[in-house]
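> So the sequence lines, in the order shown, correspond to chains H and Z. Start counting the first sequence at 1; every next residue gets the next number (the numbering used here). Start counting the second sequence at 1; every next residue gets the next number (the numbering used here).
Keep in mind the hints are simulated off the structure, nothing from the lab. Beta carbons: idealized from backbone N, C-alpha and C, even for Gly.
Restricting the straight-line Cα-Cα distance to at most 27 Å, the calculated cross-link-like pairs of lysine-lysine (DSSO-like) are: (1) H:36 x H:7; (2) H:303 x H:258; (3) H:258 x H:7; (4) Z:258 x Z:303; (5) H:258 x H:19; (6) Z:7 x Z:258; (7) H:19 x Z:346; (8) H:303 x Z:19; (9) Z:303 x H:19; (10) H:236 x H:36; (11) Z:236 x Z:36; (12) Z:36 x Z:7; (13) Z:236 x Z:7; (14) H:120 x Z:346; (15) H:303 x H:346; (16) H:120 x H:19; (17) Z:19 x H:346; (18) Z:120 x H:346.
Interface residues of chain Z toward chain H, partial, derived using beta-carbon atoms under 10 Å: (19) 76; (20) 78; (21) 79; (22) 115; (23) 323; (24) 380; (25) 381.
Cβ pair distances, simulated, as ranges: (26) Z:84 x H:150: 50 to 58 Å; (27) H:206 x Z:91: 52 to 60 Å; (28) H:210 x Z:91: 46 to 54 Å; (29) Z:356 x H:133: 49 to 57 Å; (30) H:279 x Z:32: 50 to 58 Å; (31) H:150 x Z:318: 33 to 41 Å.
There are 2 protein chains.
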Amino acid sequence: MTVTAPKGFRAAGVTAGLKASGNPDLALVVNDGPSKAAAAVFTSNRVAAAPVHWSRQVVSDGRVDAVILNSGGANACTGPQGFQNTHTTAEKTAEVLGLSATDIFVCSTGLIGEQLPMGKIVPGIDAAAAALSADGGPEAATAIMTTDTVPKQAVFTGADAEGNEFTIGGIAKGAGMLAPGLATMLVVLTTDADVQPEMLDVVLRDATRVTFDRADSDGCMSTNDTVVLLASGASKAVPSAEAFGQGLTQVCAELARKLIGDAEGASHDIAIRTFNAATERDAETVSRAVARSNLFKAAIFGKDPNWGRVLSAVGTTDAVFEPDQLNVSMNGVQICQNGGIGQDRKLVDLEPREVLVEIDLQAGGAEATIWTNDLTHDYVHENSAYSS
Amino acid sequence: MTVTAPKGFRAAGVTAGLKASGNPDLALVVNDGPSKAAAAVFTSNRVAAAPVHWSRQVVSDGRVDAVILNSGGANACTGPQGFQNTHTTAEKTAEVLGLSATDIFVCSTGLIGEQLPMGKIVPGIDAAAAALSADGGPEAATAIMTTDTVPKQAVFTGADAEGNEFTIGGIAKGAGMLAPGLATMLVVLTTDADVQPEMLDVVLRDATRVTFDRADSDGCMSTNDTVVLLASGASKAVPSAEAFGQGLTQVCAELARKLIGDAEGASHDIAIRTFNAATERDAETVSRAVARSNLFKAAIFGKDPNWGRVLSAVGTTDAVFEPDQLNVSMNGVQICQNGGIGQDRKLVDLEPREVLVEIDLQAGGAEATIWTNDLTHDYVHENSAYSS
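Sequences and hints are given; from them, build the entire structure.
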């Protein structure tokens, strides 16, 4: 159920000493082939971290041999020295694995604006390479955690048209700064299917668009978000784009839900589904506006079915709707009908962790769901104390 | 220092019984003329409250004789019955004052999605009319409070070219849901200058654009925001648009700062100034993006000068800048230089309530400031318990 589930991969997670806690903080995932096909998507933040600049270049030829990831430091806003440190990380990894640095993908996560302690990372890479194993995925998933409380992993098994089985595995980290154009989120996906880089790229973009891009914990876009997909071809399965994309979307959706489920301080996981929209974009825009309303999110924390705060968020969008035709339900109770008072709000049970908000625009046939969480004391606490 | 400071106005604030607390909840401001010129700006939220729909129509002819305002209920998302209740409120106010209902401006604030208790409002209007006095401004300022901890008032005195003095007074309420296109904010401005509706409208829009529109407490746009300006002409002063606009902007800025200073649960008042921008719009966009970052706001609550969260917010905008040329200072310490590490973050003192964040885009000569506040436990607490 992890990145080493597909054939052709080894992984490791070790303690290099970047975290004061002494927890594992350096992960390595190696593709042993025969294929080294790869694709990746990155944060759309214009202030991108050094490893994002580096890795964008690495994957541009569709080939990645290994991914080295550190927690305990984002290496963002660190200037030329920061880029040099990413370069050194790739060089060292290439050296111990007998590969080329230009095929080494680098990811970092942690505090922005601090230089990485290279005196710890360089020997850590030796340790990670020595620890590589065909069942090392869980250790890698643990080593990339920051404020995450649990490692996140997922797997899918399918078959191509001729019945050859293939597997897709993934690991993810991220618990805050989750927003579109991705999140503070590092995701490594692996597969033993034999898929060429061009198709990997298309399928990966399609899958992230409807999964990670729709997980919006706090509206804050990270400098480091990365999703990388490696294909070893070791299963000899050659699935169609449709079959492979379906499996990949399933793995991405499972990881995205796990990210939201572990969001910093959250006490409710909230799915905001907008339907009967004129377009999918309208539905996404409306759901996202509600997901970003601090007032709405604080109300859910207080178990208050405050549908007025839903409508006031919907009203800020340019989606097609008439204010007096909006319907809103929470956990199945339609508390707002035609823009006014519907069923008794006391009927809504917000005790369960899962909350479903459904917004009916009565304007068409499209829909989209955004996953978010509530705004809690613990969110404020964790994010007021993170770097101090 | 209030709406009754200018000549020609009477005001009152009484307890109609809308609030469970028994605090004053109904305010009335009457323009006794000789002029009844008026202008107003409203929320741009498409889900607008019944009183917004009504008052937009009332002011469309440039004349307002009186403003009746209630706290204890927003009368938003209340359907045809809600509009009827606003109409009844205007009719009753007109009747007791001997005026026409079509010249009665109505404002409401409080919880969305509940019908107003008209059985309390109607007799309350009798009480308010009976209590009207030429120094009733402070009572009116108190009666419009919701989660506000203090009433907000301001005044300005100037003179026209011939030396005739005029006064501008104002009252405001609002402590959350403060965002652009205004806030959950009701503002009544009065003046005894003799200014025609057309000029009032232009000057009011100019003044709110750089004051209330740049107060962004929590990014949430209300269904009820209204700023109304009444001119009695009682001073006989006829100031130029420039002289009047300057005074009006000063009053609006003072009220806007008081709104942010009383924002729900805030422990820091934060001014985010972006300068050396290519355009004023760029500067405003950048400052607003930072003002809306929960991660940045929680960090300030924790007295953590986390400039990485500033840069990650700046990076989400489309403003003209190069990431490696961004400078950021907090309370005078330049902790980020050229997109990287600047002075030691330990030098930043975030103990004072006032925080100044300055962002240098190195892209031009324009600037703008957005006023916001930090994200605190108390904000979450107040907004999780508001309606329950």
